[in-house]
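**Student:** Residues per chain are reported as follows:
2 protein chains.
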Amino acid sequence: MSKLTASISSAIKASGLKDGMTVSFHHHLRNGDFVLNMVMAEIAALGIRDITVNASSIFDCHAPLIDHIKNGVVSGLECAYMGERVGRAISQGVLAKPVVFRSHGGRPADIESGKSRIDVAFIAAPSADRMGNCTGKEGASACGSLGYAFADAQYAGKVVVITDNLAPYPLTGFSISETCVDHVVQVEKIGNPAGIVSGTTRITRDPVGLLMAGYAARTIRHSGLLQDGFSFQTGAGGASLAAAKYLKDIMLEEKVSGSFGMGGITSYLVDMLRSGCFQSLVDVQCFDLAAVESLRTDPRHREVTAAHYASPIAKSAVVNSLDVVILGATEIDTEFNVNVHTDSNGIIMGGSGGHSDTAAGAKITMIIAPLVRARLPIISEKVLCTTTPGRTVDVLVTQQGIAVNPARSELRQRLKDARLPVKDIRDLYKMAIAVTGQPQPLAREGRVVADVIYRDGSLIDQIRQVV
Amino acid sequence: MSKLTASISSAIKASGLKDGMTVSFHHHLRNGDFVLNMVMAEIAALGIRDITVNASSIFDCHAPLIDHIKNGVVSGLECAYMGERVGRAISQGVLAKPVVFRSHGGRPADIESGKSRIDVAFIAAPSADRMGNCTGKEGASACGSLGYAFADAQYAGKVVVITDNLAPYPLTGFSISETCVDHVVQVEKIGNPAGIVSGTTRITRDPVGLLMAGYAARTIRHSGLLQDGFSFQTGAGGASLAAAKYLKDIMLEEKVSGSFGMGGITSYLVDMLRSGCFQSLVDVQCFDLAAVESLRTDPRHREVTAAHYASPIAKSAVVNSLDVVILGATEIDTEFNVNVHTDSNGIIMGGSGGHSDTAAGAKITMIIAPLVRARLPIISEKVLCTTTPGRTVDVLVTQQGIAVNPARSELRQRLKDARLPVKDIRDLYKMAIAVTGQPQPLAREGRVVADVIYRDGSLIDQIRQVV
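As they're listed, the protein sequences go chains A and B.
Quick note: the first sequence uses the numbering used here, first residue 1, plus one each step.
Quick note: the second sequence uses the numbering used here, first residue 468, plus one each step.
Don't read these hints as lab results, they were simulated from the structure.
Errors might be hidden in some of the hints.
[As the list claims (entries may be wrong)] Computed cross-link-like contacts, DSBU-like style, restricted to lysine-lysine with a CA-CA straight-line distance of at most 30 Å:
#	chain 1	residue 1	chain 2	residue 2
1	A	K382	A	K416
2	B	K582	A	K115
3	B	K564	B	K537
4	B	K712	A	K315
5	A	K416	A	K430
6	A	K315	B	K656
The shape of chain A in the complex, shown without the other chains (with noise of 0.2 Å):
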């Protein structure tokens, strides 16, 4: 018995995808992905149209997703992220329905309460066996965690899983099982290796960065947070994984033996692992080596599903449980609500991701930002495009100032007793713009070309064509 199919034609041929149908995918191998296009390429082939593509995140690589658009074939788009490349495109106004953007952890929620509908997922697995139990953690296009993945697996009508390292049955190390397999794919390559995962992540040597790193370390030294048990997650741009490596000299030199890292992993969390100042980490998504090296070989170092990091239905996720985070910004405005799904030219160029998930999450939201950016302020009177809201975000830091939202007044009394360098983020704003100038008002009259939609399900905010 096996689900061994010749071609990715006859497996969408056997999963009896139709026209109008939604397919989905994950984005584990993230700007090295073979599979999404491979499967569009075919579907297309196929004579099939009027597809809508729910993907985890959509990468620069999914480029010929354009042309899929202009022929008809897509018609619809979701994700929880979408790079620069299609987003531009988006913004341009190539698609005549809205693209609807979630948070990692309302995308499998939604797909799980029946309100997102996923007739055939495709799993791209750098190993799997005949009957579909697969894995990221082992292959030639090993990319660690498969978190985005499960809910696609357990939840689509059909699923198909792409290999190009097809294991002897049973694949013991599976993350997802044959239960909800039912078709597997052999190919030669399901992705390129040196865009699956960096080499190596490396912190900035940006003198701004790292003086923003340096404040963020502090920061959290002084929250009150920074004891036995403490938990953290951090993204992988430099000036946050300048920050992880300061906590880490600050947590060692204070003896503190934390809970848990989180994340998107880097060998910066890994690194914090071996050196005891946390028990474990949790993992949704691997981004350099050394990260899928430690979740093969690492116990302390888990899978979880996006469910398990950050649904908002479920009866919790890990993000419940964090204390702080590190996130980045695009734009903040004097409200503190965050924007990363535009520039501030308003031109899709990310998404949420887990941003409003670990924000609503977290005890403690940072966003690290430099106060400005391509000669345009971070900080704004009202971001261009919410993606978190400023209820959930507690602190900006700058390199000239850290910004604590009001509400947190027992936060900015620690840190102002620190002595760090407090200020309020009108002042921080002013400062930004006495730099820049008064930025010309965007307009916001072209027709809506995506909604974002918030954890809960309801709509935050919507953006709009670019002329």
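Use these hints to put chain B onto chain A, whose structure you have.
**Tutor:** For chain B alone, kept in the frame of chain A given last:
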């Protein structure tokens, strides 16, 4: 944030349990389980009545259920196996409503499809953290796999985890995740380790058992299936374990590299893994300490859910890839139907467990049983209760000869060619009654005390009250 609740009683109250609802339990603590009795005592103390108990299995230690039935606290029982103490009371008519017997694969299938609704699941967890992530692999009451508890955790309205080993959050070795847990209760002891798993499981020393085991191993050797990739399940009975031991010797001698061993895992299967007979073990339940230790430490030994093991509605389950299973019988009839629900007097003392699931999946289903047991013939013209239909049973091995299902003429020829003592099952039947005499036919006019649901959902048989 924490889901810790002060007591079982307060967790029951918080769960909203009311008269007429269904509670569930899993049986990995086997005859050492304290949790079912503790919970039912609290339910009784709270004055809640008319409860249906859905337990994956009921052991002799659960005899207090009989008083709960008499007192009206429990009005329904559902399980896949029932030991003799509760079984005898049921057979004598203590419960007004028929017991619902399912198989180990049919139970999670009915839970998943909604046919079998669980209001509150109680999960006995040898280790758990404050948010409900839990595992059977660690702790003083370690039982290994929690395979049968996954469906309960995933689909019950409310889920209460009961542990005697509270681990720091997050428990990275979790089997069941916090996403589905409502309450966590810490108690002194969840079970008696001596009853949870045997210190060791032992092969038979009985010469009849060893003779049958030898026939069984030789049957497998000559079945045409014993080649690289071979897969195997056996029970923990003495003759079955002896068959595994003989099979190991054959596999080593013939340098056969099997794919997986499955089951109820014992030290004998662990030994076969370590000897290279199998690449992996697939574990829905541990029977002894060696199995628990292996599951905890050897990545080739993998816990699976009951659905992954055997669900008839999964897109596939491991039983579908199984070559040979060795099973027992209290009775087998001349049509190869097998009874493991009742003894030869019609009194309930067992149940399918995975019997009918593995029989349906395996390429060869072999029953080992002595021709005569307790002065009664094992073979009959019609079993008192059909657990496993004869169409899924291929071979009967007795000390007096081997009967092959007529539908498997090619297998029969292979065994004859190998000079194994192949006999017609009717001739074995005659040999048995020549020893025992023709048994008195049992009266079967009592009211129905149990419905036996086959894995496909059909009513395969009913068990009647014994007067």
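**Student:** Next, verify each hint and record whether it holds.
**Tutor:** Structure-based check of each hint:
1. K382(A) - K416(A): Distance ~27 Å between K382(A) and K416(A) Cα, so the pair holds.
2. K582(B) - K115(A): holds, 23 Å
3. K564(B) - K537(B): Cα-Cα ~12 Å, so holds.
4. K712(B) - K315(A): Not satisfied, since the Cα-Cα distance of roughly 46 Å exceeds 30 Å.
5. K416(A) - K430(A): holds, 21 Å
6. K315(A) - K656(B): Given that 30 Å is the threshold and the Cα spacing comes to 26 Å, the pair holds.
Checked against the numbered hints above, the structure violates only hint 4.
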